[in-house]
Amino acid sequence: MENKSMSYEYDLNLKATELRLALPGSDEPDEKQSVTCVRSNKRASSEISEESKSSSSVTIAGNGDSDAPPPAKAQVVGWPPIRSYRKNCLQGNKNEGEGVGRFMKVSMDGAPYLRKIDLRVYNSYSELLNALENMFKLTIGAYSERVGYHGSDYTPTYEDKDGDWMLVGDVPWEMFISSCKRLRIMKGSEARGLGCSL
Amino acid sequence: MDSEWKRFRDSPNSEELTRRSSFPDEVLERVLSLLNSHKDRSSVSLVCKDWYNAERWSRTHVFIGNCYSVSPEIVARRFPNIRSVTLKGKPRFSDFNLVPENWGADIHAWLVVFVVKYPFLEELRLKRMVISDESLEFLSVSFPNFKSLSLLSCDGFSTNGLAAIATHCKNLTELDIQENGIDDRGGSWLSCFPESFTSLEVLNFANLASDVNFDVLERLVSRCKSLRVLKVNQSISLEQLQRLLAHAPQLTELGTGSFSQQLTSHQDEELKTAFSNCKNIHTLSGLWDVKAIYLPTLYPACANLTFLNLSYAALQGGELAKLLVHCPQLRRLWVLDTVEDKGLEAVGLNCPLLEELRVFPIDPYGEEIAHEVTEAGFIAVSNGCRRLHYVLYFCRQMTNAAVETVVRNCPNFTHFRLCIMIPGRPDYTTNEPMDEAFGAVVKTCTKLQRLSVSGLLTDLTFEYIGKYAKNLETLSVAFAGSSDWGMQCVLEGCPKLRKLEIRDCPFGNKALLSGLEKYESMRSLWMSACNLTLNGCRALAREMPRLNVEVMKEDGSDESHADKVYVYRTVAGPRRDAPPSVLTL
Numbered sequence: 001m002e003n004k005s006m007s008y009e010y011d012l013n014l015k016a017t018e019l020r021l022a023l024p025g026s027d028e029p030d031e032k033q034s035v036t037c038v039r040s041n042k043r044a045s046s047e048i049s050e051e052s053k054s055s056s057s058v059t060i061a062g063n064g065d066s067d068a069p070p071p072a073k074a075q076v077v078g079w080p081p082i083r084s085y086r087k088n089c090l091q092g093n094k095n096e097g098e099g100v101g102r103f104m105k106v107s108m109d110g111a112p113y114l115r116k117i118d119l120r121v122y123n124s125y126s127e128l129l130n131a132l133e134n135m136f137k138l139t140i141g142a143y144s145e146r147v148g149y150h151g152s153d154y155t156p157t158y159e160d161k162d163g164d165w166m167l168v169g170d171v172p173w174e175m176f177i178s179s180c181k182r183l184r185i186m187k188g189s190e191a192r193g194l195g196c197s198l
Numbered sequence: 001m002d003s004e005w006k007r008f009r010d011s012p013n014s015e016e017l018t019r020r021s022s023f024p025d026e027v028l029e030r031v032l033s034l035l036n037s038h039k040d041r042s043s044v045s046l047v048c049k050d051w052y053n054a055e056r057w058s059r060t061h062v063f064i065g066n067c068y069s070v071s072p073e074i075v076a077r078r079f080p081n082i083r084s085v086t087l088k089g090k091p092r093f094s095d096f097n098l099v100p101e102n103w104g105a106d107i108h109a110w111l112v113v114f115v116v117k118y119p120f121l122e123e124l125r126l127k128r129m130v131i132s133d134e135s136l137e138f139l140s141v142s143f144p145n146f147k148s149l150s151l152l153s154c155d156g157f158s159t160n161g162l163a164a165i166a167t168h169c170k171n172l173t174e175l176d177i178q179e180n181g182i183d184d185r186g187g188s189w190l191s192c193f194p195e196s197f198t199s200l201e202v203l204n205f206a207n208l209a210s211d212v213n214f215d216v217l218e219r220l221v222s223r224c225k226s227l228r229v230l231k232v233n234q235s236i237s238l239e240q241l242q243r244l245l246a247h248a249p250q251l252t253e254l255g256t257g258s259f260s261q262q263l264t265s266h267q268d269e270e271l272k273t274a275f276s277n278c279k280n281i282h283t284l285s286g287l288w289d290v291k292a293i294y295l296p297t298l299y300p301a302c303a304n305l306t307f308l309n310l311s312y313a314a315l316q317g318g319e320l321a322k323l324l325v326h327c328p329q330l331r332r333l334w335v336l337d338t339v340e341d342k343g344l345e346a347v348g349l350n351c352p353l354l355e356e357l358r359v360f361p362i363d364p365y366g367e368e369i370a371h372e373v374t375e376a377g378f379i380a381v382s383n384g385c386r387r388l389h390y391v392l393y394f395c396r397q398m399t400n401a402a403v404e405t406v407v408r409n410c411p412n413f414t415h416f417r418l419c420i421m422i423p424g425r426p427d428y429t430t431n432e433p434m435d436e437a438f439g440a441v442v443k444t445c446t447k448l449q450r451l452s453v454s455g456l457l458t459d460l461t462f463e464y465i466g467k468y469a470k471n472l473e474t475l476s477v478a479f480a481g482s483s484d485w486g487m488q489c490v491l492e493g494c495p496k497l498r499k500l501e502i503r504d505c506p507f508g509n510k511a512l513l514s515g516l517e518k519y520e521s522m523r524s525l526w527m528s529a530c531n532l533t534l535n536g537c538r539a540l541a542r543e544m545p546r547l548n549v550e551v552m553k554e555d556g557s558d559e560s561h562a563d564k565v566y567v568y569r570t571v572a573g574p575r576r577d578a579p580p581s582v583l584t585l
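For the protein sequence lines, the chains are W and V, in the order given. Position one of the first sequence corresponds to residue 1 (UniProt numbering), numbered consecutively onward. Position one of the second sequence corresponds to residue 1 (UniProt numbering), numbered consecutively onward.
With the rest of the complex left out, here is chain W (with noise of 0.2 Å):
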């Protein structure tokens, strides 16, 4: 998957609202000490495009402007330049940690074959849950302590560091993913069994 945290808005009227010295309407070259500014957006909203509007300017630094706002926090298309596949790499490499691997097996009963996925993407169950049933085109159901997952056909489950098969959903998060070693969506009988003897 591109990495679409690269995404960010042009602000069309800032311009407008920019404290100049030269009268309203002539328009100066796009030159060094210009500040304009670009937020950031960490993840890409549907409207916004990728490439959205011109994909130009930047904080630019003046000469010792000190009131030009920190420069690091603007993300700019393509910028720094380093190949997707690198960016996306070093993503998960910073992130220390045990980790029993970045991508997971995730099977699902009846499927001719796996998938992966890495579970850094995700912050929370629901996020993880929704992926799913996007990727298996199914529905999952919601998540409840007493009865696990009820209201579907498919519960989620996975191998934990010791090789035992738990449910999805009962541990907070964080230790969820460290313990996760791969997933798998259970069908039918099967799945109200594990349900049951909870």
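Derived by calculation from the structure, the hints in this document are not laboratory data. Built from N, CA and C at the ideal position, the CB exists for glycine as well. Do not rely on the hints blindly, as some may be mistaken.
[Unchecked claim] A few chain W residues that don't get close to chain V, going by computed Cβ distances all over 10 Å:
| no. | residue |
| --- | --- |
| 1 | D109 |
| 2 | I140 |
| 3 | S144 |
| 4 | E145 |
| 5 | H150 |
| 6 | Y154 |
| 7 | E174 |
| 8 | S179 |
[As the list claims (entries may be wrong)] Restraint ranges, calculated between C-beta atoms of paired labels, are given here:
| no. | chain 1 | residue 1 | chain 2 | residue 2 | range |
| --- | --- | --- | --- | --- | --- |
| 9 | W | N134 | V | P194 | 31 to 39 Å |
| 10 | V | Q178 | W | S124 | 29 to 37 Å |
| 11 | V | H108 | W | K161 | 45 to 53 Å |
Assemble the complex: chain W is given as a structure, and chain V must be docked to it using the hints.
Relative to chain W, chain V alone:
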């Protein structure tokens, strides 16, 4: 050809000999077949008609730096005996998401011609091309002699395409899959190599994420006795690596898998033994998730190491220092900036033969700047590594004085790529532009072929470049310059310029049009987020019919504004496969 040889043979008249080219064509072809460099071959083909013909008949490898500069039909007409093709497609800035997804550079049109004209094609090396699974399958079944496939920074395919290659290419010697936008659907493609298949010499799947079947890999490695390059992916553990090395001590290039498994002391010993049996390793890479305590297992294999790629291994400075002590022959080193200046000092101390250094940022967006290299590290390397001629350096701060020191220590730079990651950042100690830094580079490094500039730069930088960089072939510019004059200086001053790529600079139509004649001697020009208009581009297209002038529009931008412009010389005319968002003027 044959008739001329007969004529020579039948009339050994010395006068006739001296009147025509001294060698009969067959001999000339034989001699020329020993020439490999395509630049040499281009020169040869310009000598005279006989030499042109002899050259074209004897050429077996063709290199095409821009797939749209020529058509496959033209290539096939000129070179009838090609066995190996290298093709580059998209502009380099496509690596950074600046080129629209469906821009082009699809290999299929070429394959369709090759299957007719070069049925004995053996090798295909692609960079920034689009290749679909269908094309890969077509390739695998249509060319019975196909031996070698290398894909770098390509996209459009999935692991299913690799499965087709593994299944059908009976004579495959090389499968090299690097940093591609691949749809990874799993590792089962590796299992598609038949059990009878033994010809593999190069296997690189380091950048594929999925697990492969280890038993299959182990059997493949053990039966391919000529395997010399093996680069596995992260899914391969240390224990598995040891087993692979035991089967292939003859390896010259190794890319390890993950370097972080918990090993027993016995396993540790076994791994060390395996490495010590590998006496021929000159290139080492991988080391994903490296845990420094396992690095000593590598030491026995490092005696002949010339290229160490640690750009996916987040090592600390001290850990790198310990490793480098064992690598006295190192010529090329790639690291992450987690090593910090301390690590670079160790480089300066331990690697006197170093010729190339690349330092990549682990955290390009600077959210938590825990690690970085500074100008101090750069100077430290230059102090100890006087043979340095290639540098790629990502940092957040730099000074003019530091760069001046670096090039004084190392005047032989051929490739100087400095990326100060904060756009428009001045010399942080003086707050001045970085003009003098790059001025020093071009004045001192007379052999400079490639330059990437960054930081706060005025037109002065480009005046320096135009005045001094007489061997410059590739120039990359971003967020720099003050006016059209800057770009004009470069276009007028650099006689060997071939590739110019510019983004976010205040260069407009006047600058663009000042290079009219120049562009025909260049491979390409890229300009995005500058001050170009459609009219300016139209004027260029009108004046220079042998250039393709492509304008990529973005949604919602000003009608007359030319957001992204790509200009390149071509003998194939305007291309017909451009998507609607790309206008060819």
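Hints and how they fare:
A cut-off of 10 Å between C-beta atoms confirms that W:D109 is not in contact with chain V; the least separation is 17 Å. Against the 10 Å criterion, W:I140 stays outside the reach of chain V, whose nearest CB is about 22 Å from its own CB. With 10 Å as the threshold on Cβ separation, the claim that W:S144 sits away from chain V holds: the shortest Cβ distance comes to roughly 33 Å. Under the 10 Å C-beta cut-off, the non-interface status given to W:E145 relative to chain V holds; the minimum distance is some 33 Å.
W:H150, annotated as away from the interface, keeps every beta carbon of chain V farther than 10 Å; the closest lies near 32 Å. For W:Y154, the shortest C-beta to C-beta distance to chain V comes to about 21 Å, beyond the 10 Å cut-off, and the non-interface label holds. Distance check for W:E174 against chain V: the nearest CB is about 18 Å away, which clears 10 Å, and the non-interface claim stands. Listed as a non-interface residue, W:S179 keeps its Cβ farther than 10 Å from every Cβ of chain V; the least gap is roughly 16 Å.
For the pair W:N134 and V:P194, the beta carbons lie near 36 Å from each other, so the given range of 31 to 39 Å is met. Our hint of 29 to 37 Å for V:Q178 and W:S124 holds, since their Cβ atoms are close to 34 Å apart. At about 47 Å, the beta-carbon gap between V:H108 and W:K161 stays in the expected band of 45 to 53 Å.
Comparing the model with each earlier hint shows no violations; every hint is respected.
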